[in-house]
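Line order of the protein sequences matches chains A and B.
According to our numbering, the residues represented by the first sequence are 312 to 427, in order.
According to our numbering, the residues represented by the second sequence are 9 to 116, in order.
Honestly, the hints are just simulated from the structure, not real lab data.
Errors might be hidden in some of the hints.
Unchecked claim - When the alpha-carbon atoms are kept at most 27 Å apart in a straight line, the in silico BS3-like pairs for lysine-lysine are as follows: (1) K76/B x K368/A; (2) K381/A x K64/B; (3) K44/B x K64/B; (4) K364/A x K75/B; (5) K64/B x K368/A; (6) K78/B x K322/A; (7) K76/B x K103/B; (8) K64/B x K76/B; (9) K103/B x K78/B; (10) K44/B x K75/B.
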Amino acid sequence: DAGITQSPRHKVTETGTPVTLRCHQTENHRYMYWYRQDPGHGLRLIHYSYGVKDTDKGEVSDGYSVSRSKTEDFLLTLESATSSQTSVYFCAIRTGTGGRGDYGYTFGSGTRLTVV
Amino acid sequence: GEDVEQSLFLSVREGDSSVINCTYTDSSSTYLYWYKQEPGAGLQLLTYIFSNMDMKQDQRLTVLLNKKDKHLSLRIADTQTGDSAIYFCADPRGKLTFGQGTILTVHP
């Protein structure tokens, strides 16, 4: 979909281990986002990026870090995974031009992470 | 603030109309979006409405916007079992804030 892929699609990891999720785009969009989806909470923003090496925190950033060394890749790292980080993680890119307030977004297919 | 709220569940019979409601707090949004998420999939943009419109119709979908009450609704006419999904309203200003999502279940 619109040149955005997430990897891996599924991951099971043990508590205390580091985990990195990758979001890759092929369309050179400036803005990229990481969300987590949990029942009853909808999608909550973890971190976002507005350019190479430019990132900022979202509403649930504790326990997560991100890096963006290239336009096409936005990495989300759980330094020491906990069971509360079991979730489905979605990456998104802002595909709208911003003109007339058009901030269209395209989402990846998600990564299901289970921390045991 | 940018809070967006939705009811969590809606159950309808096939062929009936579905109405999914959303309230938001930021009155300066230029657009408001509806996204659909099918089981095991990511989110897809379903439709959107400009803030200067009261209504937008797109085939079986009707979006109503009441700016005074900060209320947005999505009506699906002749609901089909394939419409079963989670529906999110979203405010794209700033960092794209989502409602909690409404789980629509369509019974045959």
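Comparing the hints with the structure gives:
no.	hint	in the structure
1	K76/B x K368/A	32 Å, violated
2	K381/A x K64/B	39 Å, violated
3	K44/B x K64/B	17 Å, holds
4	K364/A x K75/B	38 Å, violated
5	K64/B x K368/A	34 Å, violated
6	K78/B x K322/A	40 Å, violated
7	K76/B x K103/B	23 Å, holds
8	K64/B x K76/B	17 Å, holds
9	K103/B x K78/B	19 Å, holds
10	K44/B x K75/B	23 Å, holds
Of the numbered hints listed earlier, those contradicted by the structure are 1, 2, 4, 5 and 6.
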